[in-house]
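A.B. asks: Okay, here's what each chain looks like letter by letter:
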Amino acid sequence: MNALELKNVTKHFPGFTLDNISLTLPSGCILGLIGENGAGKSTTIKLILDILHKDSGSITILGKDNTDNMRLTKEDIGVVFDEVGIPGCLTVPEVGKVMKLTFQNWDEGTYEDLIRKMSLPTDKRFQDFSRGMKMKLGIAVALSHDSKLLLLDEATSGLDPVARDEVIEMFSEFTRNENHSILISSHIVSDLEKLCDTIAFIHKGKLLLCEEKDQLLSEYGLIHCTKEQLKDLDPAAVKHVKENPYGAEVMVLRDKIPAFFEVRPISIEELFVFMIKEVK
Amino acid sequence: MKGLLLKDFYMIVKYCRSYLLMAIVFLTVSVLNPGNTFFVFYPVLLAGMIPTTLLSYDERSGWQPYSAALPYTKAQCVSAKYLVGLICQGAILVLLTVVQGICMSMTGTFDIAELLTLVLMLSIIAPIAPAFCMPFIFKLGVEKGRIAYYVMIAIICALVVGGSTIFSSALDAKIEPGPAAVFVVLLFVALYALSWFLSIKFYEKREL
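Protein chains in written order, with our numbering: chain V, 1057 to 1336; chain A, 2 to 209.
Keep in mind that the hints were calculated from the coordinates and are not lab data.
Wrong hints could be hidden among the right ones.
Said to hold, decoys possible - The following residues of chain V were derived to be distant from chain A, with all beta-carbon distances above 12 Å:
(1) L1108
(2) T1166
(3) Q1183
(4) E1326
(5) M1331
Stated by the list, open to error - Once the Cα atoms are required to be at most 25 Å apart in a straight line, the calculated DSS-like pairs of lysine-lysine come out as:
(6) K206(A) / K1180(V)
(7) K1156(V) / K206(A)
(8) K1180(V) / K15(A)
(9) K1298(V) / K1260(V)
(10) K145(A) / K1262(V)
(11) K1153(V) / K145(A)
(12) K1260(V) / K1283(V)
(13) K1287(V) / K1269(V)
(14) K3(A) / K1204(V)
(15) K202(A) / K3(A)
(16) K1312(V) / K1333(V)
(17) K1287(V) / K1298(V)
(18) K1298(V) / K1269(V)
(19) K1153(V) / K1120(V)
(20) K1063(V) / K3(A)
(21) K1156(V) / K3(A)
(22) K15(A) / K1120(V)
(23) K3(A) / K1153(V)
Said to hold, decoys possible - Heads up, incomplete: computed chain V residues facing chain A, CB under 10 Å, no partners named:
(24) M1057
(25) P1082
(26) T1116
(27) L1118
(28) R1127
(29) V1135
(30) P1143
(31) Q1160
(32) E1164
(33) G1194
(34) I1244
(35) L1264
(36) L1265
Bear in mind that the values here come from a model prediction, so they are computed numbers and not experimental data.
A virtual CB, placed ideally from N, CA and C, is assigned to each residue, including glycine.
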């Protein structure tokens, strides 16, 4: 079963349209939604949760339509927004008590373990937390009610590298259960590169691609060549060219490049930047 | 919905202490100055502002989209605020009734009919302002809704202070249980219920 399916989802705003988005997240997988600020990542997550109402298309979460008794479906979804959303005056134990009365499957032990593991202070108010601590608390809540799907909107931004690594490890551990899935959006591509099985690029409300990460990395590569060599390349192989005084850096399809070229592996971040520039 | 109510309780305890202090000051002044009904009405009206204050904090902290991602319906989110309003105004009303009752007893002017008239009037008037402004808040957001609330409070205060003759004659009247009193109570209950219903409908359509 797919944890998440978006088919031809469209939403219009004045000056922005999320246009005909189709995504599939199989159970047990992690899908990374990569895009610049304002590309439509948060809008997509809010549409999935029916916080924003789609103009057309269909969204299925854990096999159920997202407009059909969403209250029950949300028992199985852990959400972390960019702003988290926990009231500033609450302390960690108070958040725990509120969530215990909110989720049927709230696991107090898991919550306390995560709080200890994340070294979050229990006597401070949420408003006095650093951004990283706020994110950690949001993540602790999302992981403490036996959720099957995590929707994470920029959940790693604001975390220091060590904390980011810990959190990414937690997410990886979460998906070791084959019924657990994650949709994570970020503009910090390196985090998603470590974590995700599938990568989706979104730009100005349009989905540029949605493919398995390993497939992408094996499909594309980078070569350095002279301007003369560039002219001889099969145009179908060339996806993007960055010219410089010494020649050109070219993003290519590996299987369409002559064997004598040394093809360097491309990172997801480079791929993303090249693709965005190609669109521009 | 218990979780929503608990969260609002924590917020009231931490953000609305000044309201309680002001209510106590106004109640004290009302005891010392029994002729002026403004000091009796104001604490109850003030308690009616608590849901609006909580919504303002909710909006600032990003709680509204977050709560929409939790297993609550929008109807539950709205209902929690109406219940909080009723509980707060009810609590102040009870406190006020006790204080006024003690005050009347101490001055030897205790009159159950007069006290009941006061309580009935307060019970009817208190929810008017929240009932008027909450649908606006749930449709438009706190800032615009709050403006509507202040306008309503100003109108009520002007009526209370300026139209003292109307209120003093009303306070002089004794409550007569009968169809007219029941009709008035039912009318205000219906008004509150209509406001609740409209708020749910507006909030369900609102995108957060």
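A.B. asks: Could you work out which earlier hints the structure fails to respect and list their numbers in ascending sequence?
C.D. replies: 1, 3, 6, 7, 10, 11, 12, 13, 19, 20, 22, 24, 25, 26, 27, 32, 34, 35 and 36
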